[in-house]
Amino acid sequence: MPNDKNTISSGKQNSSLSGKVKQAEQVLLPDLDVNLERLHRFLGGGEDIACRTLQHRSFDNTRYALLYIDGIVEGTSINTMLLSLLDDANNQYSDSVSGETPDLYRHLTDRSIAIGRLSEVSTIEQAGYAMLEGCTVLVVDGCLRAIVMDTCGGKTRAVEEPSSQTVIRGPKEGFTENLRTNTSLIRRIIKSPDLRFDYKVIGHQTRTNVAVVYLEGIAEQEIVKEVHRRLDKIDIDGVLESGYIEEFIQDRAFTPFPLLQNTERPDTASAALLEGQVVIIVSGTPFALVAPVTFVKFFQSSEDYYQRYDIATFLRIIRMASFFISMLLPSLYIAITTFHQEMLPTSLLISLAAQREGIPFPALLEAFLMEITFEILREAGVRMPRIIGPAISIVGALVLGQAAVQAGIISAAMVIVVSFTAIASFVIPAVNMGIAARLIRFVLMILAGTFGLFGIMSGLMILLAHLCGLRSFGKPYMMPFAPFVASNLKDVLLRVPWWAMRKRPLNISSDNNLIREGTGQKPKPDQEGA
Amino acid sequence: MKPAISTAQTVALIQSAITPTMVLALPSVMVSIAHHDAWISGIVAAIVGLVMALGIAMIGRANKGQLFVAWMESRFGRPIGVTVGIMLGIYYFNAFCVIVRTFANFVSDIVLDATPLFLLTGIMVLVAAFTVMQGIEAIARSAFMVLLLIMVIIPVSVFILYTDISFERLIPVLDTNLVRIAVASFPPIGLLSEVSVLLLIIPYMKKPASCLRASLIGTLLGSSQLVLVILLALTIFGQQLVPLMSYAFVNVMAIVEVGEFLERIEVFTVSVWFLTMYIKLAVFLFATVHCLFHSLRLHSERHTVIGISILAVATTSGEWPRNMNTGMMATLVNMPVLLIMNIAMPVLIAIGLLITRGKSKQKGGMQGP
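Note that the protein sequences, when read in sequence, are chains A and B.
No gaps in the numbering here: position 222 of the first sequence is 222 in the numbering used here, and each next residue is one more.
No gaps in the numbering here: position 99 of the second sequence is 99 in the numbering used here, and each next residue is one more.
Hints are computed from structural coordinates only; laboratory data are not their basis.
Small disclaimer: the values here were computed from a predicted structure and weren't measured.
One should not assume that every hint holds.
Unchecked claim - Capping the alpha-carbon separation at 27 Å, the derived lysine-lysine pairs in BS3-like fashion look like this:
| no. | chain 1 | residue 1 | chain 2 | residue 2 |
| --- | --- | --- | --- | --- |
| 1 | B | K207 | A | K490 |
| 2 | A | K503 | A | K522 |
| 3 | B | K206 | A | K225 |
| 4 | A | K503 | B | K206 |
| 5 | A | K200 | A | K155 |
| 6 | A | K233 | A | K475 |
| 7 | B | K207 | A | K475 |
| 8 | B | K207 | A | K503 |
| 9 | B | K206 | A | K475 |
| 10 | B | K206 | A | K490 |
| 11 | A | K155 | A | K172 |
Here chain A stands alone, though its shape is the one from the complex (with noise of 0.2 Å):
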């Protein structure tokens, strides 16, 4: 069922439907066929309108209507409602009062119509909106008003387990396509009161239907509020992904890092919010947008918090050491080969010059031909019919790899260099900022094929400043490094035991609602049996 705000536009929204939206903004009319031609009108017409006329032998044969738009409302619900309302169209009721249409209006709604959840419009506009959401519009003849029933439906994805975001130990669930899906996955786990569910629309075309979920009480307010007015400030035609909004809503618009985290696991998007964070559902994807977030929470797996600390622990720092392998290793190779030989042992450094004996190219050229080859590669894996993709590895395992070694055209340290950056970046759990790492690397590959190690430092001290400028929804990116919060460390690259993080994240969850567990819980032998 649409929230009432989804079926009572903004005049900004529909700044482009004007003409239109004049005409629809006319309120309903006590003429039935006059009020379904202005209803077909404003839907476009179109096969996929349907539309049931009905009489009531009780209110001296009153003709009202059903409306919906099929393919998007459930069938089930649609039969179930149609067969009640025949049944009671063809009764007799004694306490009907012939002629007088309100009182089959309220006959409809009181007694007659098997929906749950019911509301009413009273013009063409919201009766129409309304049914693009999927709801059916029951229309009286000689009423002013219309009621619309929640029938959403339609075919929409089962939930699945999150393709990008896999754990070995936790929920298998995923968020989906379907908005009150990812919502009821979040309600099914969060069982509080407290839980916020704020609905938006935006997309003047879309009409794309957006929840801002937080938590009351654990979330900082200053925070839901700025979320609330960036969303609110959005003025485009069409939402079809988070992404459009994530666009609109981060601090600054120029930057390679993902200043907002997404999700597509429902136990994330909670966890996140037991921290105080926001999340923005966004109808149509399962990718859910959670704020703030720093720069540290792009390291961390849901599973983190499942497995045992230690190992958790563990992870996370080879989750970080790829991260800077992935942006740093083939300018480090460039600056050392190329400027700095000294560095390396004897022995090396002749395996190192036999092999690169005999190549045409430069460090820095070798290593874009393989780094450039190599996004190739992937690009075609992701587009390419899932069948091919075997056939496109041994294809760059083999003929871009080992050939072009036997060609003397690549070293077999620059393959081996570029391998390992490639896996190294598939080990960052998001993906967005391995993509950051991507792009990263390219600028100091030529710093480092420039400048050797100084023009790799130069890039890296941009690149902090850069990172200890950011902010998201006015948090410190790198927080807790800058500033420093050493309370927010036990879960950064530490993850302490659940019994040792007492208190929500400072600085991100509200001031006044830190605590998040009892004392006293770290388990001990049984001083009775010992």
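Please build the complex by placing chain B on the supplied structure of chain A, with the hints as guidance.
The following block gives chain B in isolation, referenced to the frame of chain A:
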């Protein structure tokens, strides 16, 4: 949003404004004067530096949240305030150019001898300008991150050098003439006086009252690193070899050899030092822009940064045709300027503040950053 720098970040800023140039060339100079007692000169300089830090912080505490130039204007009138601002702006610009050129010469000497100088100075100024454009908060946070890195690297470096250290090279202690020890402490005192940049930073602090702590800890950290580098250089190479080295701390790391796979790691040490140097450059460029922007009542801070940066690239590449000129500038000319701008000027400001104390009480009011 009002920028807010924590006390720890201020410590990092002070440390970064002092240390990088101090550990670069001073150990060799100090050992050549005070021989194996040069580390005592370092301690003497540290004590004097702490006194200077104390004085600067005391002056800074008189500021009730106003930006430096505005504060000067409100206490001494607009002409004096603007003059002080412009003088400091010019000083910081000159200091920035000298540091860039020294840095470029060092990079050229150590690794990139074939790279044109203007390219090196260009990239250095570019990085500093980009950092300054991110704002003082970003500079302070970057400084803190770099300080964390240094805190990890220093113990590791001492650990891997431990087997090469011979404390016998330090005895007999106080064998050198006290006058020589005192003279050797002058160069680091000059650089430690750069703590005066704190006067510009205090208005941006979350807790300006803790500027004294920040000033003292920052100076202590900076001077400790100088003493550590002198001690490492002396205990590893001895007093005869160190004066022959241009950059003793680089040579110290050059002897590291762990197993048969890790050797000549001085390039990595130097790489980390690059980061500290960049923070120093950013602090000095920020100080330049801050003073000139507010004194000259300019409208766009971004354009001020771009203009000053272009001027700095031209100055650093063309002002000193030979490296020797830079060396002379850094030692003979820069040292008196350092003492005048970082010690004499604050003393004059302190005297002025004392004289105008009554006027300030009558006027009241403040202007935040």
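Cross-check of the supplied hints:
1. B:K207 - A:K490: holds (26 Å)
2. A:K503 - A:K522: holds (15 Å)
3. B:K206 - A:K225: holds (25 Å)
4. A:K503 - B:K206: Holds, because 24 Å separates the two Cα atoms, which is no more than 27 Å.
5. A:K200 - A:K155: holds (23 Å)
6. A:K233 - A:K475: holds (20 Å)
7. B:K207 - A:K475: holds (19 Å)
8. B:K207 - A:K503: Since the Cα atoms of B:K207 and A:K503 sit roughly 25 Å apart, the hinted pair holds (cutoff 27 Å).
9. B:K206 - A:K475: Holds. B:K206 to A:K475 sits at ~16 Å (cutoff 27 Å).
10. B:K206 - A:K490: holds (25 Å)
11. A:K155 - A:K172: holds (22 Å)
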